[in-house]
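Protein chains in written order, with the UniProt record's numbering: chain E, 1 to 287; chain H, 1 to 287.
By construction, these hints were calculated from the structure, which means they are not laboratory data.
One thing to keep in mind: the hints can contain errors.
The list that follows gives simulated cross-link-like pairs (lysine to any residue, SDA-like), each with its CA atoms no further than 20 Å apart [as the list claims (entries may be wrong)]:
(1) H:Lys141 x H:Asp282
(2) H:Lys103 x E:Gly100
(3) E:Lys211 x E:Gly166
(4) E:Lys93 x H:Glu167
(5) E:Lys93 x H:Gly121
(6) E:Lys212 x E:Asn231
(7) H:Lys122 x H:Glu150
(8) E:Lys141 x E:Thr271
(9) H:Lys140 x H:Lys91
(10) H:Lys93 x E:Cys98
(11) E:Lys122 x H:Ala124
(12) E:Lys209 x E:Asp235
(13) H:Lys122 x E:Lys141
(14) H:Lys91 x E:Leu119
(15) E:Lys112 x H:Ile165
(16) H:Lys91 x H:Ile106
(17) E:Lys140 x E:Lys211
(18) E:Lys112 x H:Glu167
(19) H:Lys103 x E:Ile165
(20) E:Lys141 x E:Arg268
(21) H:Lys112 x E:Gly100
(22) H:Lys122 x E:Lys209
Protein chains: 2
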Amino acid sequence: MLKAIQILGCSSGFISQRLKKSHSGNGFSLISSKGSDTSTSLFLHPFWTPKTLTFRLIRMFSTQSESNSNAPASSSSFSSVAVHSAGNVHKIKFCQWCGGPAKHEIPDGEEKIRAICTLCGKIAYQNPKMVVGCLIEHEKKILLCKRNIEPSYGLWTLPAGYLEIGESAAEGAVRETWEEAGAEVEVVSPFAQLDIPLIGQTYIIFLAKLKKPHFSPGPESSECCLFELDNIPFDSLAFSSIFVTLNLYIEDVKSGKIKFHYGTINKRLGTGPSDIRAFTLDYHLQA
Amino acid sequence: MLKAIQILGCSSGFISQRLKKSHSGNGFSLISSKGSDTSTSLFLHPFWTPKTLTFRLIRMFSTQSESNSNAPASSSSFSSVAVHSAGNVHKIKFCQWCGGPAKHEIPDGEEKIRAICTLCGKIAYQNPKMVVGCLIEHEKKILLCKRNIEPSYGLWTLPAGYLEIGESAAEGAVRETWEEAGAEVEVVSPFAQLDIPLIGQTYIIFLAKLKKPHFSPGPESSECCLFELDNIPFDSLAFSSIFVTLNLYIEDVKSGKIKFHYGTINKRLGTGPSDIRAFTLDYHLQA
Chain E
1 MLKAIQILGC
11 SSGFISQRLK
21 KSHSGNGFSL
31 ISSKGSDTST
41 SLFLHPFWTP
51 KTLTFRLIRM
61 FSTQSESNSN
71 APASSSSFSS
81 VAVHSAGNVH
91 KIKFCQWCGG
101 PAKHEIPDGE
111 EKIRAICTLC
121 GKIAYQNPKM
131 VVGCLIEHEK
141 KILLCKRNIE
151 PSYGLWTLPA
161 GYLEIGESAA
171 EGAVRETWEE
181 AGAEVEVVSP
191 FAQLDIPLIG
201 QTYIIFLAKL
211 KKPHFSPGPE
221 SSECCLFELD
231 NIPFDSLAFS
241 SIFVTLNLYI
251 EDVKSGKIKF
261 HYGTINKRLG
271 TGPSDIRAFT
281 LDYHLQA
Chain H
1 MLKAIQILGC
11 SSGFISQRLK
21 KSHSGNGFSL
31 ISSKGSDTST
41 SLFLHPFWTP
51 KTLTFRLIRM
61 FSTQSESNSN
71 APASSSSFSS
81 VAVHSAGNVH
91 KIKFCQWCGG
101 PAKHEIPDGE
111 EKIRAICTLC
121 GKIAYQNPKM
131 VVGCLIEHEK
141 KILLCKRNIE
151 PSYGLWTLPA
161 GYLEIGESAA
171 EGAVRETWEE
181 AGAEVEVVSP
191 FAQLDIPLIG
201 QTYIIFLAKL
211 KKPHFSPGPE
221 SSECCLFELD
231 NIPFDSLAFS
241 SIFVTLNLYI
251 EDVKSGKIKF
261 HYGTINKRLG
271 TGPSDIRAFT
281 LDYHLQA
């Protein structure tokens, strides 16, 4: 399934020449705030108080707009849209267990409309899905994959995909890295949990290191490449979650302390899938 | 929906008298290991190297056995079994979108058997679900809820439940805390992610504090009570995830440093739901 393994560097040519450092990608203005005007551009700045865990509300904005109605969707590779997206209870017309027609009502003791089977009475709950991936550090560089599939074909991402039943998040992140980047990695530490409520996804990103100095694009990637932090293609990233993760990582590296980050990426309704900077990063917590 | 609010203390009587400190609950032997014999009882001990994020494999055992075939299952309150458990692709007989009969095959480009609609071709992916909850600290005590529903009726747990579409994990944890403990809380920091692959669940636990010094059991709880760390009812806890979370927290408090924990709870197959100590804690990572 995988193309020939190459020894480090880029797994296909002409990448570093094409990509320039995106100053705008890192260029937030600096405001650390609680409850500030959310229409202001704010800097994604890590807080850290060693002896007391802190709570900060940070909103990170940019000038573009975005929507993830065509969000990554398949179980492990973002390839089938709608089935896995945020969930619309009214799209569930039948019971998947008995085939009975579904009704859409609020069950006793609950508060939300659910799809309830009119024959067997089972409820088809819809819940957010976890996308697990690795931020692979190697010689002060980061491994990125260029997407060979929609959505965000041709744009750069971390190796990541939907967590499967029966595996842990760390195992899923390692599997996805092998499938998308042909890289054997060891998970080093949890780095970020980024919820995206609008599309019913939670990104779980681990820091990882290469077990062997090899990588090669899998079927879902056209290229894999190690990028110096100054050369990360911020203008050509695939998803808001990757944009946030890489910014958090760069800030941590600059501060000399890698932390764990929790945050909520609230996308702006009605904006396009390509507008990966149209969001606020809310409830940014660190440990 | 909620019973009358009470000012702190226990929300029903006779709790502190009934519960004794469970020495066995904290009583692991101490071995910090990588790849050690997994049949050995090992201590759940937090590692922390401030300047280098570390990877440790810890296995935590006890003498009992457990199974979660009757795992917590409903969307937000663990009340309906099977619909939400780890997922069995062969239970999916029909397409929930068009009602067509499902076949069970490995789709092109994938590696796992999926339920595929024979009419519209859509794939019904099954993915792990997030259970979000709060570990509420108040005056060196922890708020626990006594379950008023199955599974684990009458046993103690942290307020937690399934994350809903459209909310962040932090929002879900706050909501569940209100629903189950009648407590308004503010999330302080991420504390733990504990995957349970066997039952397709991931626990996301936040440290939180009371916004008002009030709590009261919701419909799914019979009692809510603040416990001193020395009096946590380890012999009467509802779930392995809660057992692990509380142990990690106590160790962190003792060490003087609260960390973020990632780990995998691997349950022993074929054991009973009440055997919450029949597991290993693998891939315990900290940040």
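Quick rundown of the hints versus the structure:
1. Among the hinted pairs, H:Lys141 with H:Asp282 is inconsistent with the structure: their alpha-carbon atoms are about 28 Å apart, more than 20 Å.
2. With a C-alpha separation of about 17 Å, the suggested pair H:Lys103 and E:Gly100 falls inside the 20 Å cut-off, and the hint holds.
3. Of the pairs offered as hints, the one joining E:Lys211 and E:Gly166 is violated, with about 24 Å between alpha carbons and a cut-off of 20 Å exceeded.
4. The suggested pairing of E:Lys93 with H:Glu167 is violated, with an alpha-carbon distance near 24 Å, which exceeds 20 Å.
5. Note on E:Lys93 and H:Gly121: the hinted pairing holds, with a Cα-Cα distance of about 16 Å set against a maximum of 20 Å.
6. Of the pairs offered as hints, the one joining E:Lys212 and E:Asn231 is violated, with about 23 Å between alpha carbons and a cut-off of 20 Å exceeded.
7. Annotation: proposed proximity of H:Lys122 to H:Glu150 is violated, straight-line Cα distance about 34 Å (limit 20 Å).
8. A distance of roughly 32 Å separates the Cα atoms of E:Lys141 and E:Thr271; the hinted pair therefore is violated under the 20 Å criterion.
9. Using a Cα cut-off of 20 Å, the hinted pair H:Lys140 and H:Lys91 is violated, with the two alpha carbons roughly 46 Å apart.
10. Distance hint between H:Lys93 and E:Cys98 is fulfilled; the C-alpha atoms sit about 7 Å from each other, no more than 20 Å.
11. A distance of roughly 17 Å separates the Cα atoms of E:Lys122 and H:Ala124; the hinted pair therefore holds under the 20 Å criterion.
12. At roughly 25 Å between alpha-carbon atoms, E:Lys209 and E:Asp235 are farther apart than 20 Å, so this suggested pair is violated.
13. At roughly 39 Å between alpha-carbon atoms, H:Lys122 and E:Lys141 are farther apart than 20 Å, so this suggested pair is violated.
14. The suggested pairing of H:Lys91 with E:Leu119 holds, with an alpha-carbon distance near 16 Å, which does not exceed 20 Å.
15. Note on E:Lys112 and H:Ile165: the hinted pairing holds, with a Cα-Cα distance of about 10 Å set against a maximum of 20 Å.
16. Taken as a hint, the H:Lys91 and H:Ile106 pair is honoured in the structure, with Cα atoms around 16 Å apart against an allowance of 20 Å.
17. As the CA atoms of E:Lys140 and E:Lys211 are separated by approximately 16 Å, the hinted pair is consistent with the 20 Å bound.
18. Distance hint between E:Lys112 and H:Glu167 is fulfilled; the C-alpha atoms sit about 13 Å from each other, no more than 20 Å.
19. The hinted pair formed by H:Lys103 and E:Ile165 meets the criterion: a straight-line CA distance of about 19 Å does not exceed 20 Å.
20. Restraint check: the Cα-Cα separation between E:Lys141 and E:Arg268 comes to about 31 Å, which exceeds 20 Å; the hinted pair is violated.
21. For a cut-off of 20 Å, the pair hint linking H:Lys112 to E:Gly100 is broken: about 27 Å separates their Cα positions.
22. Only pairs whose Cα atoms come within 20 Å are accepted, and H:Lys122 paired with E:Lys209 is rejected, the gap being roughly 36 Å.
Hints 1, 3, 4, 6, 7, 8, 9, 12, 13, 20, 21 and 22 from the list above are not met by this structure, while the remaining hints are.
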